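Peer 1: Below, each chain spelled out in residue letters.
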Amino acid sequence: MTTNDIIKPENLVYRKPTLLNDTPMHYCPGCSHGVAHKLIAEIIEEMGMEEKTIAISPVGCAVFAYNYIDVDWIEAAHGRAPAVASAVKRLWPDRLVFTYQGDGDLACIGTGETIHALNRGEHIAIIFINNAIYGMTGGQMAPTTLMGMKTSTCPYGREADLHGYPLHITDIAATLEGTTYVTRQAVHTVAAIRKTKKAIRQAFENSLNGQGASLVEVVSTCNAGWKMSPEQANKWMEEHMFKYYPLGDLKNLL
Amino acid sequence: MEKEDILLMKGNEAIAHAAIRCGCDGYFGYPITPQSEVLETLTLEKPWETTGMVVLQAESELASINMVYGAGAAGKRAMTSSSSPGVALMQEGITYMAGAELPGLIVNVQRGGPGLGTIQPSQSDYMQATRGGGNGDYNVIVLAPASVQEMADFVDLAFELSFKYRNPAMILSDGIIGQMMEKVVLPPFKPRRTEEEITRECPWAAMGKPKNRRPNIHTSLDLDSARMEETNRHLQAKYQEIKNKEVRYEKVMCDDAEHLIVAFGSAARIALKTIELCRNQGIKVGLLRPITLWPFPTEEIARLSKQVSSILSLEINAGQMIEDIRLAVEGRVPVNHYGRMGGMVPTPEEVAEALKQTVIK
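Note that the protein sequences, when read in sequence, are chains A and B. Numbered per the working numbering, the first sequence spans residues 15 to 268. Numbered per the working numbering, the second sequence spans residues 51 to 411.
In isolation and in its complexed conformation, chain A is listed as follows (with noise of 0.2 Å):
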C-alpha cells in the first residue's frame, strides 16, 4: 500500500479549511493566533459565508491576518476596527463582520472605539486575543500585562505606582447593555479549542442575525515575548493569566 493508496475521500479524518490559504504565517512557532485564525477560517465555511464576509484586522501581530484567510479584509488603524465595523455592518447588515485585535489594539489605543461600539450594539464579532503583551513592536507592557510580569517597558516587572492596574475589559463590555455575548476561553489544549470555536460560531451567528454585539476574549501566549517555550508558556499562562482573566461566559443573554 503506497500513501496515495491511503489518500482517499473516505479516509479523510482532518484537513486544513479551505479559506486558510497556503502563505506561510509570520506568527512565531507556539503562537496562539495560529490557531485563532484556523479557527475563525473553519467557522466561515462551516456557516456557509465564505462570499459574504467582511473582516477587519488590526495594527499588532494580527495585522497581516489578511495575508491568511481568504475573505475581504480591511485593515484597521491601531485601534480602530471597530469603528470601522460598526460602518461596515450598518452599510452591509447582510454581511458577517468581524474584527480581529490584540490587547493593546483594543484594549489601550482603541478602549474608546471597543466600548462604544460595543454600546451601540453594533451587530459586529469581535475576536480579542490578550496575550498580556505587545507582540509586534517587540513586548513591551500592554494594558493587560499582569502585576510583577516584566516586559520591555516594565523591565523590573509591572508595578501600580508606576504602571497603574491591568485592564479587565472583558468584564467591562459585559456590563453594557449593547452586548449579548461575551465571553473568555483559550486555544491551549484540545478541550478549550473545541469551546472557543463554538464560541466564535456564536458571535459570528449573532452579527449574522442582528443579535448585537459580542466579544470572544481567546487568553492566548506570546512565547517569544514572555521569553518562554511554548509549552512553558501554556503553563505559565494556565498559572498566572487564568487567574487575572478566568475562563468562561460573562454574559450570555440568547
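Everything labelled a hint here was simulated from the structure, so no lab data went into it.
Simulated pairs of lysine-lysine, DSSO-like, Cα-Cα distance not exceeding 30 Å: (1) A:K52 / B:K261; (2) B:K261 / A:K22; (3) A:K30 / B:K261; (4) A:K212 / A:K22; (5) A:K212 / B:K261.
Please read these numbers as outputs of a predicted model, since none were measured by experiment.
Since the structure of chain A is already known, use the hints to place chain B on it.
Peer 2: Relative to chain A, chain B alone:
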C-alpha cells in the same frame, strides 16, 4: 425653474440636504461648533427612512473618520463633517484613506486656532488641507465653496472626484459659509447605488468575496520597501493626473486688471466688494478665486502674474496660501498678504486700504 425650488438655508444645512440627494450611503460625525447643523439636519430629516442612508453620531472624530474609511473600503459613498480641532483629530484616518486609496468626503467648517481656538470663522487650516495633513507623501482633493449654493453643489462633485481617483476629498469651508443663510437650489435626487452597481463600478470594494475573484484587501501597510516605493510612485502619478485634469477656479474682472487679489471661500466674497471699492477709485483690481485649493491653479496665477503689477493674497489667516501664490509667481511681481486671525474677519474697506498700501509701494 420653479420659484419654490429656491430655498433659504444655512450652508451646513445645504451640505446635509445635498448629501441625502446625491446618493450618499452614510454620514458619520461628532458634534462641534460651527458645523453641528450638518448632523442635526440629517437626524431631523431621517434619510434612513427614505433613501436608506445611514446616519450615525460617533463617539469621536477619530471614530467618525475611521467609519468613513471602512465605508469607503466597502465601496460606499460616505462622509463626515467637523471643524478645525476635530479635523486635526481626523488626520490619522485621512492618511490611511490616502494610503489605501479609499474614497470618502470630509467637510471642514473651519474655526480659528491654534488649539481649541475660537468658534468664529477662519481659513487657518489651508496648509493642513492642501499638504495632506497627516503622515506621508499624499494629497487630498480640496474644494473651497464661496456660497451656500456651492456647499450644496460640491457634495456630489467631491464624491465623484473621490471615487474617480479613489482618493479622499475635502470641502474646506468656514464658519461664515457654514452659518450664513442664502438662497439655494438643491441638486436633483440621485438614487443610492445598488449592490450590482457597486460590484460593477467598484470591483475593488471589500463587500464579500465571490468564488471567482481574489480577496479585496485594503491596507496601507507594506514592509517591503521596494514595493512600498512603487506604491508611492503610483500615488504620485495619480496626484499628477489630478493636477493636470482637475484644477478649478473662477476669475472676476481680470481682463483689464492691473492688480490681482487671490482669495478663496468667504474671503473671495469680501474681495468682490473690495474690487468694487477700488474700481470706484480708479484702481483696476481683479479676483482669482481658486475653487480647488489642491490641485492649486498654479498655471493661471503664473499667467496673470505677467499681466498685473502686484498680487494680494487675501486670507482669513496669517498667510498660508501666499506660499502657493509665490511658488506660482516665481518672483515676477510682489505678492503680499492681508488677513485677520483668531476669528476676526477683514472688512472690504480694510482690504482696500491694504491693497492701496501695496500699490503705492
